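Could you put the whole structure together from the sequences, leaning on the hints where they help?
In the order they appear, the protein sequences are chains A and B.
In terms of numbering that gives the first Met the number 0, the first sequence opens at residue 0 and continues consecutively.
In terms of numbering that gives the first Met the number 0, the second sequence opens at residue 0 and continues consecutively.
Because the hints were derived from the structure by calculation, they are not lab data.
Since we're looking at a predicted model, the values are computed, not measured.
Possibly wrong hints are sitting among the right ones.
[Claimed, not checked] Pairs of lysine to any residue residues, derived as SDA-like cross-links and limited to a Cα-Cα distance of at most 20 Å, are as follows:
| no. | chain 1 | residue 1 | chain 2 | residue 2 |
| --- | --- | --- | --- | --- |
| 1 | A | Lys642 | A | Ala607 |
| 2 | A | Lys544 | A | Arg496 |
| 3 | A | Lys41 | B | Thr132 |
| 4 | B | Lys91 | A | Glu392 |
[As the list claims (entries may be wrong)] Computed spacing ranges between beta-carbons, pair by pair:
| no. | chain 1 | residue 1 | chain 2 | residue 2 | range |
| --- | --- | --- | --- | --- | --- |
| 5 | A | Thr360 | B | Lys241 | 47 to 53 Å |
| 6 | A | Asp477 | B | Ala141 | 41 to 47 Å |
| 7 | A | Gly396 | B | Pro137 | 20 to 26 Å |
| 8 | A | Arg42 | B | Tyr216 | 47 to 53 Å |
Backbone N, C-alpha and C define an ideal beta-carbon position, used for all residues, glycine too.
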Amino acid sequence: MGSPVAERSQSPRLDSKVPSGRLQEKWDIYKNSVSLVSPANKRSHHILVVGSGLAGASAAATLAGLGYNVTCFCIQDSPRRAHSIAAQGGINAAKNYPNDGDTIWRLFYDTIKGGDYRSREANVYRLAQVSNNIIDQAVAQGVPFAREYGGMLSNRSFGGAQVSRTFYARGQTGQQLLLGAYQALSHQVSMGRVKMLPRREMIDLVVANDRACGLIARNLITGELERYAGDAVLLCTGGYGNAYYLSTNAKNSNVTAAWRCYKRGAFFANPCYTQIHPTCIPVSGDYQSKLTLMSESLRNDGRVWVPKDPKDSRAPEMIPEDARDYYLERRYPSFGNLVPRDVASRAAKKECDEGRGVGETRLAVYLDFADSIRRLGEHTIRERYGNLFEMYERITGDNPYKTPMRIYPAVHYTMGGLWVDYELQSTVPGLFVLGEANFSDHGANRLGASALMQGLADGYFVIPYTLGAYLAGTRQSDQVTETHEHFATVEEEAGARIDSMLKNKGDKSPTQFHRELGRLLWDHVGMARNRTDLMSTIDAIENLKEEFWERILVPGSADRYNKNLEFAGRVADFIELGSLMARDALRREESCGGHFREEYQTPEGEAARDDEAFADVAAWEHTEQDPALHLEQLSFENVHLTKRSYK
Amino acid sequence: MIINLRVWRQEGPESPGKLVDYTVPEASEHMSFLELLDVLNEQLLADGEEPVEFDSDCREGICGSCGLMVAGIAHGPQKRTAVCQLHMRSFKDGDTITVEPFRARAFPVIRDLVVDRSAFDRIITAHGYVSVTTGSAPDANAIPIPKDTADEAMDYATCIGCGACVAACPNGSASLFTAAKIAHLGLLPQGEVESPQRVTAMVNQMDAEGFGDCSNYAECEAVCPKGISVAGIASMRRAYMKGLLSG
Ligand SMILES: Cc1cc2nc3c(=O)[nH]c(=O)nc-3n(C[C@H](O)[C@H](O)[C@H](O)COP(=O)(O)OP(=O)(O)OC[C@H]3O[C@@H](n4cnc5c(N)ncnc54)[C@H](O)[C@@H]3O)c2cc1C
Ligand code: SF4
Ligand code: FES
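Listed below in structure tokens is the structure:
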């Protein structure tokens, strides 16, 4: 992996393009100096937006509103079903409506600190700056956020923040924000400015003259491969949490679009940064197809515990107080049950690893509401969490008013993603990456309620400026059409890949491969990682990849709706990504945020960050041999790096 | 538990379909209904047969992708539950369960249990939005909205666009879906401004798509996984008539 000295230097390929000037003024300076595209010219530019989640729908609607000619793609049968729809808890903004001392600076600071100082100051500050516009925009679209009796918007505190800055719509904030963006998109469709193409999967990127100039998509109903040329491609395809097979992500969430772009020259940044959410419903059996999140707001009133004695098999209600270990309250007296996600997840894993897990699988801990029900009454608890309790009961058959919930951590979000500069442009000119698909704003750990904020910030308020800057610098002669030879070549390659999967007629289904990959990643590139296991996992994944191409079994044909064929292609890409995740985790010899290396911990078992050696972004370049590492050094001019402590 | 399934198999929109019998010998009461179909599909794959195609995504009752007639009921026997959240403990060992696609004139079958619900998107495109472009919004607290109003708007806004209401309706009407969007936006001051145009455009589109009329069967409300109230349909009708008279 090269000499340590070379490793630590800034790569000339990674120019972050952060404007000069004071942190608070950078975005204004950028906007004031950026070239604009004239209205007449906007119409002549065709923009391809891949994805219709918060990032994609907001970008497509906004760009079309500005006059660009937009085509938008999504996998689902309707753009309204993108994975963003499932977000529950809320969205942050520095409105300071409760007058509790919140400011843009504080939102910025909390996000940088929460990310364990592994993100770019200027991007995060801009995110905090535009956060307020998002709330205004959503309300104007008719998003029915929760309100107080006086008619004003209601806020709650979320994810351990000391201020109340989270806006929410019951437990369905993502749904309501996405429907707002979807409706804005539909408005533009009705005006003829957006062509919406659902049930399409981007399966490759076309690059010509060193620029992204289009893509190949598979029509998921007819199976046809279709060519689309455009002046820029916006990748808004979400995160890669499903690499683990079991996660809280929707079944169709995948890395394929991003991975294909990686193979065409876009660098992949920090793939090892994944977020494991502490409060999910535990796995119940081998048939498990996905995991369900229980909002983290439950930790406000629930107490986490396990029996002190691993052999204690009594029903939880029968275990007396002195035989219980409220381990979060014991280990973190000042934050208790409200420690950040990564800390809570690791603590639960530790209890289970040491044999104190509960339930049939012993891979769960209790989240107990008995005290709160005694203190506040069942009515209050029902008011606060009624829908979550119902959901829990529907899935497990247990009534959490009577018996503690069983919870266990699950993969939830991925902070890593394609590398982008301040303009959200990847290392391939003309390829922009928005939302969870990019690596930009959350460092090594994302705070609750900030992914929705980032997706919408990127789409509504950032890309309209930065895309203009790019287009203003392109020439008519750069434009290519679908007849360009590169389209034919890429289409052929994509078709050949599909054929080889179908023709193989092996004996193992895509799901079987996916499960195996998931198990490897969960065990060794999950909540705790170490050198030995990571090295052996890289080999194991290499073997799995070989086995995939020898034994994959895909039924049916390519010329029709074929879910197994879709999945097989995605699993093949997840396998390759898995190897890169392990490599990245191996390179990062420190513990930070969601990345915990067992070798790098304090005597008390807490994460030990190494700012001297690793205050950087690791961006990987695809090559014919091993992936090549490029580093972007992070410089902190405005915040002082401190150790996160929740004791 | 052993579960017997009779599943609708259909190659394409034009091909005839039929019910085919299968048995899943090792089902568990803890699995969801879609996980049962996953298990069946792995079984079919191993036997060299073609798996059953069906749509799903979030598997937690919020995206609206899933949608099946289970034992003759849209989303199955459990109230206010999308089929992805239906668990096998709702059934007994040895049960035989019929599984069919959502059927309606406006929802053609694509393959097996997968149907085309794009008509819903076209109804929203007709005017299921507030005509506001990015950047032109006033401060979010500029217009106070009574809590009860916001809550009622939210009740309607929770529609997941699954189409169960259409599948359950003897007329194949999309009235509950359309009325839910009209009520959600019409209740809020931001959306109220365009209400008259919205109602006319959306109702006309609903007709153009081949959805039937509403005859007050209220089957839609009974199967709706989000419990959307039929009260919205009455208001939609009144508003539509008013539009006709004044327009
Ligand atoms: C259960 C759950 C709860 C959450 N709760 C919160 C919360 O309370 N607050 C918060 O801030 N965040 C929350 N998050 C995180 C947040 O929801 C996501 O990070 C965010 O919604 C991602 O948005 P996105 O637009 O980047 O991508 P997505 O919403 O994932 O959209 C991806 C889009 O890309 C399309 N796509 C993907 N691949 C292709 C392809 N190859 N070709 C064509 N189209 C493609 C998909 O069809 C889809 O339209 C939650 C996440 C989960 C899983
Ligand atoms: S009204 Fe109910 S049944 Fe109809 S689409 Fe909406 S959620 Fe589904
Ligand atoms: S799969 Fe999303 S609602 Fe059922």
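Do the hints match the structure? See the list:
1. Lys642/A x Ala607/A: With a Cα-Cα distance of about 9 Å, the restraint between Lys642/A and Ala607/A holds, given a limit of 20 Å.
2. Lys544/A x Arg496/A: 14 Å, holds
3. Lys41/A x Thr132/B: With Cα atoms ~16 Å apart, Lys41/A and Thr132/B stay inside 20 Å; holds.
4. Lys91/B x Glu392/A: With a Cα-Cα distance of about 19 Å, the restraint between Lys91/B and Glu392/A holds, given a limit of 20 Å.
5. Thr360/A x Lys241/B: 47 to 53 Å: Between Thr360/A and Lys241/B, where Cβ atoms are some 59 Å apart, the hint is violated.
6. Asp477/A x Ala141/B: 41 to 47 Å: 44 Å, holds
7. Gly396/A x Pro137/B: 20 to 26 Å: 48 Å, violated
8. Arg42/A x Tyr216/B: 47 to 53 Å: 48 Å Cβ-Cβ, so the 47 to 53 Å window holds.
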